[in-house]
Amino acid sequence: MMWLLACLLVPFVTAVICLFCRKNVGLVRVIGVTGAGILFLASLMLLSEVRESGYVVLQLGSWSAPFGITLIADLLGASMVVITGLIAFTVALYSVRDIEDRLVRSNYFALFHFLIMGVNGAFITGDLFNLYVWFEVMLIASFVLITLGGRRDQLEGGVKYLVINLVSSILFLSGVGLLYGEVGTLNMADIAVKLADAPNAFAVTSSTMLLLAAFGIKAALFPFFFWLPASYHTPRVATSALFAGLLTKVGVYALIRSYTLIFYTQFDLVQDILLFLAAATMITGVLGASVQYEIRKILSFHIVSQIGYMIMGLAIGSALALTGAVFYTLHHIIVKTNLFLIGGLIMRKCGTGELKKIGGLYASMPLLALLFFIPAFSLGGIPPLSGFWAKFSVIKAGLDDDHFILVAIALLVGVLTLYSMTKIWAEAFWKNAPIDKVENEGTDLIKEKLGLSLVLPCVALALITLLIGLWSEPLFSLAEQTSKQLLNPDAYIAAVLERTTDEPIVTLDN
0 MMWLLACLLV PFVTAVICLF CRKNVGLVRV IGVTGAGILF LASLMLLSEV
50 RESGYVVLQL GSWSAPFGIT LIADLLGASM VVITGLIAFT VALYSVRDIE
100 DRLVRSNYFA LFHFLIMGVN GAFITGDLFN LYVWFEVMLI ASFVLITLGG
150 RRDQLEGGVK YLVINLVSSI LFLSGVGLLY GEVGTLNMAD IAVKLADAPN
200 AFAVTSSTML LLAAFGIKAA LFPFFFWLPA SYHTPRVATS ALFAGLLTKV
250 GVYALIRSYT LIFYTQFDLV QDILLFLAAA TMITGVLGAS VQYEIRKILS
300 FHIVSQIGYM IMGLAIGSAL ALTGAVFYTL HHIIVKTNLF LIGGLIMRKC
350 GTGELKKIGG LYASMPLLAL LFFIPAFSLG GIPPLSGFWA KFSVIKAGLD
400 DDHFILVAIA LLVGVLTLYS MTKIWAEAFW KNAPIDKVEN EGTDLIKEKL
450 GLSLVLPCVA LALITLLIGL WSEPLFSLAE QTSKQLLNPD AYIAAVLERT
500 TDEPIVTLDN
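Under numbering that gives the first Met the number 0, think of the first position of the sequence shown as 0, with each following residue one higher.
The hints are simulated quantities; they were obtained by calculation from the structure and are not laboratory data.
Do not take every clue at face value.
[Stated by the list, open to error] Straight-line C-alpha distance at most 35 Å; calculated DSBU-like pairs for lysine-lysine:
{"no.": "1", "residue 1": "Lys159", "residue 2": "Lys22"}
{"no.": "2", "residue 1": "Lys422", "residue 2": "Lys483"}
{"no.": "3", "residue 1": "Lys296", "residue 2": "Lys422"}
{"no.": "4", "residue 1": "Lys159", "residue 2": "Lys356"}
{"no.": "5", "residue 1": "Lys348", "residue 2": "Lys296"}
{"no.": "6", "residue 1": "Lys422", "residue 2": "Lys348"}
{"no.": "7", "residue 1": "Lys422", "residue 2": "Lys159"}
{"no.": "8", "residue 1": "Lys430", "residue 2": "Lys356"}
{"no.": "9", "residue 1": "Lys430", "residue 2": "Lys296"}
{"no.": "10", "residue 1": "Lys296", "residue 2": "Lys395"}
{"no.": "11", "residue 1": "Lys348", "residue 2": "Lys159"}
{"no.": "12", "residue 1": "Lys159", "residue 2": "Lys296"}
{"no.": "13", "residue 1": "Lys430", "residue 2": "Lys483"}
{"no.": "14", "residue 1": "Lys159", "residue 2": "Lys355"}
{"no.": "15", "residue 1": "Lys422", "residue 2": "Lys356"}
{"no.": "16", "residue 1": "Lys483", "residue 2": "Lys355"}
{"no.": "17", "residue 1": "Lys395", "residue 2": "Lys348"}
{"no.": "18", "residue 1": "Lys348", "residue 2": "Lys483"}
{"no.": "19", "residue 1": "Lys395", "residue 2": "Lys422"}
{"no.": "20", "residue 1": "Lys356", "residue 2": "Lys296"}
{"no.": "21", "residue 1": "Lys348", "residue 2": "Lys22"}
[Stated by the list, open to error] If you anchor each label on the Cβ, the simulated ranges turn out as follows:
{"no.": "22", "residue 1": "Gly176", "residue 2": "Ser289", "range": "38 to 48 Å"}
{"no.": "23", "residue 1": "Leu154", "residue 2": "Leu59", "range": "17 to 27 Å"}
{"no.": "24", "residue 1": "Asp267", "residue 2": "Leu465", "range": "35 to 45 Å"}
{"no.": "25", "residue 1": "Leu172", "residue 2": "Gly67", "range": "53 to 63 Å"}
{"no.": "26", "residue 1": "Leu26", "residue 2": "Lys483", "range": "25 to 35 Å"}
{"no.": "27", "residue 1": "Ser61", "residue 2": "Leu369", "range": "21 to 31 Å"}
{"no.": "28", "residue 1": "Ala490", "residue 2": "Asp267", "range": "36 to 46 Å"}
{"no.": "29", "residue 1": "Leu154", "residue 2": "Leu411", "range": "36 to 46 Å"}
{"no.": "30", "residue 1": "Tyr418", "residue 2": "Gly183", "range": "30 to 40 Å"}
{"no.": "31", "residue 1": "Gly180", "residue 2": "Leu398", "range": "38 to 48 Å"}
Note that beta-carbon positions come from the ideal geometry of N, C-alpha and C, so glycine has one too.
Could you put together the complete structure from these sequences and hints?
Laid out in structure tokens, this is it:
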């Protein structure tokens with residue numbers, strides 16, 4: 000239980016210390032990176048504990064569920080916390096060089112760790128209202144981070160980001176209010192028990208749709224995705240990478256948790272909708288990426304398209320499909336974060352992210368070319384990289400369940416994804432560098448040499464991607480065990496409510 004609480008306390012304490020030390024820029028950088036490293040170690044210990052016991056549950060204040068605040072880590076939650084710790088550490092290290100002194104003094108590292116605390120809180124809460132609270136912690140911290148620096152494009156992107164996420168919050172609260180009015184509890188496990196035979200189908204359906212819309216906005220599902228490519232290319236590269244890797248995955252996590260636990264007896268209500276949204280999200284995201292010629296805009300649209308694969312796994316709902324969804328989510332967090340970080344290296348070297356204005360990087364920086372090649376073609380699903388196994392799992396699950404149209408769309412989107420990655424490769428690396436001098440065009444970037452704190456995180460994430468591809472069995476086994484837990488909500492309910500697994504589910508009629 001200590002490690003469960005540590006995953007919230009470590010980023011919180013780190014953020015507070017950074018606030019008090021903000022005038023000492025060097026010290027704040029050290030504290031920011033050290034805190035992220037400690038969090039990563041604590042998350043690994045939590046995952047080890049969960050793998051031994053199945054579930055780690057903490058009832059805060061010794062109030063038993065459903066009356067108190069429940070923190071719970073199962074394999075899904077613990078895995079997401081571990082991947083959050085990894086991304087926090089690598090991005091914090093990258094931030095040492097990427098974030099200039101004035102932004103460090105503006106509390107960048109404190110906001111960074113408050114955001115990580117919100118992300119971890121969302122992954123380990125067992126209560127719907129507290130999930131909303133953690134969402135708001137994330138929203139406040141992320142809005143300030145996205146506008147930190149005060150440029151016009153940052154403010155414009157931040158306003159779009161804030162407004163659509165406030166709409167999501169309103170929908171979330173509305174759905175939670177309907178549920179509470181119907182079942183009288185906000186504990187996820189207790190809701191699942193009481194919805195098993197809910198008498199008011201209208202209230203249940205309404206809350207299901209409201210939460211689908213709220214979480215769909217957070218995950219950038221079709222048709223709610225437009226805020227993401229409008230805002231993720233505007234902040235500093237480290238901030239973009241952190242957002243790209245983690246924030247939409249919190250929405251994906253919430254959808255998986257909702258429809259494998261809270262609404263698992265009503266999954267038929269949303270399955271067809273999820274199948275459609277998965278297909279539409281894949282198509283719109285990849286088409287948006289195909290017409291862009293700025294690195295971070297291309298990568299932002301690809302966040303959208305790849306979310307579609309994760310929702311595809313959830314929508315199919317079989318053991319293999321959920322395994323694929325979990326594997327895909329974990330793989331994508333690593334790959335997408337790294338692509339944004341490498342995109343930042345390109346921008347630092349060339350002074351711009353516009354593909355038409357850069358080139359010749361393969362000849363001048365072969366290591367950078369290799370670093371880009373690994374995550375880019377993993378995203379495209381080229382074997383033996385990790386993206387191949389992720390796509391293979393969800394596509395195989397689709398074929399097994401006769402979702403042939405969805406599989407065809409997924410394969411087409413995979414080809415178009417590869418096209419976009421090849422476009423970046425051809426423009427930035429293969430073609431000759433432009434003769435004209437590249438202008439900075441109002442960004443904070445300047446052409447400079449790359450330091451170890453910028454390169455090492457990219458190397459580490461690329462090696463992890465390569466390792467997962469060449470030795471996928473450990474992660475696939477973890478994802479498989481996770482899907483078995485997700486398909487057995489009675490065990491989760493028993494762990495939270497301190498019941499035996501063979502005890503019959505109590506319904507409202509009882």
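Outcome of the hint check:
Pair hint Lys159 plus Lys22 holds up; C-alpha atoms about 31 Å apart against a cutoff of 35 Å. Proposed proximity of Lys422 and Lys483 is contradicted: the alpha carbons are some 39 Å apart, above 35 Å. Our distance criterion of 35 Å between C-alpha atoms is met by Lys296 and Lys422, whose separation comes to about 13 Å. A C-alpha spacing of about 28 Å is found between Lys159 and Lys356, which places the hinted pair at or below 35 Å, so the restraint holds.
For a cut-off of 35 Å, the pair hint linking Lys348 to Lys296 stands: about 18 Å separates their Cα positions. Taken as a hint, the Lys422 and Lys348 pair is honoured in the structure, with Cα atoms around 19 Å apart against an allowance of 35 Å. Straight-line distance between C-alpha atoms of Lys422 and Lys159 comes to about 28 Å, which keeps the hinted pair within the 35 Å bound. Proximity of Lys430 to Lys356 is assessed by CA-CA distance (about 11 Å); at most 35 Å being required, the pair is judged to hold.
The straight-line distance between the Cα atoms of Lys430 and Lys296 is roughly 20 Å, inside the 35 Å bound, and the hint therefore holds. With a C-alpha separation of about 30 Å, the suggested pairing of Lys296 with Lys395 holds against the 35 Å cut-off. Taken as a hint, the Lys348 and Lys159 pair is honoured in the structure, with Cα atoms around 30 Å apart against an allowance of 35 Å. Annotation: proposed proximity of Lys159 to Lys296 holds, straight-line Cα distance about 15 Å (limit 35 Å).
Restraint check for Lys430 and Lys483: the C-alpha separation of about 48 Å exceeds 35 Å, so the hint is violated. Note on Lys159 and Lys355: the hinted pairing holds, with a Cα-Cα distance of about 27 Å set against a maximum of 35 Å. Distance restraint check for Lys422 and Lys356: the Cα-Cα separation of roughly 14 Å lies within the 35 Å cut-off, and the hinted pair is therefore satisfied. In summary, the hint linking Lys483 to Lys355 is not supported, as the alpha carbons are separated by about 48 Å, beyond the 35 Å threshold.
Taking the CA atoms of Lys395 and Lys348, the gap is near 41 Å; set against the 35 Å cutoff, the hint is violated. Of the supplied pair hints, the one linking Lys348 and Lys483 is violated, its CA atoms being roughly 46 Å apart against a limit of 35 Å. Distance hint between Lys395 and Lys422 is fulfilled; the C-alpha atoms sit about 28 Å from each other, no more than 35 Å. Restraint check for Lys356 and Lys296: satisfied, since their Cα atoms lie roughly 15 Å apart, inside the 35 Å limit.
Note on Lys348 and Lys22: the hinted pairing holds, with a Cα-Cα distance of about 30 Å set against a maximum of 35 Å. Evaluation of the 38 to 48 Å hint for Gly176 and Ser289 yields a pass: the beta carbon distance comes to about 41 Å. The hinted window of 17 to 27 Å between Leu154 and Leu59 is violated, with their beta carbons roughly 38 Å apart. Checked against the given bound of 35 to 45 Å, the beta carbons of Asp267 and Leu465, roughly 40 Å apart, stay inside it.
Taken as a hint, the range 53 to 63 Å is violated for the pair Leu172 and Gly67, whose Cβ atoms sit roughly 21 Å apart. A C-beta distance of roughly 46 Å is found between Leu26 and Lys483, which places it outside the suggested range of 25 to 35 Å. A hinted range of 21 to 31 Å is violated for the C-beta pair Ser61 and Leu369, which are about 54 Å apart. Range check, Ala490 to Asp267: about 22 Å between beta-carbon atoms, so the 36 to 46 Å window is missed.
The hint said 36 to 46 Å for the Cβ distance between Leu154 and Leu411, and at roughly 37 Å that hint holds. Look at Tyr418 against Gly183: about 52 Å separates their beta carbons, and that is not inside 30 to 40 Å. Roughly 42 Å separates the CB atoms of Gly180 and Leu398, a value that falls within the hinted 38 to 48 Å.
The earlier numbered hints that this structure contradicts are 2, 13, 16, 17, 18, 23, 25, 26, 27, 28, 30.
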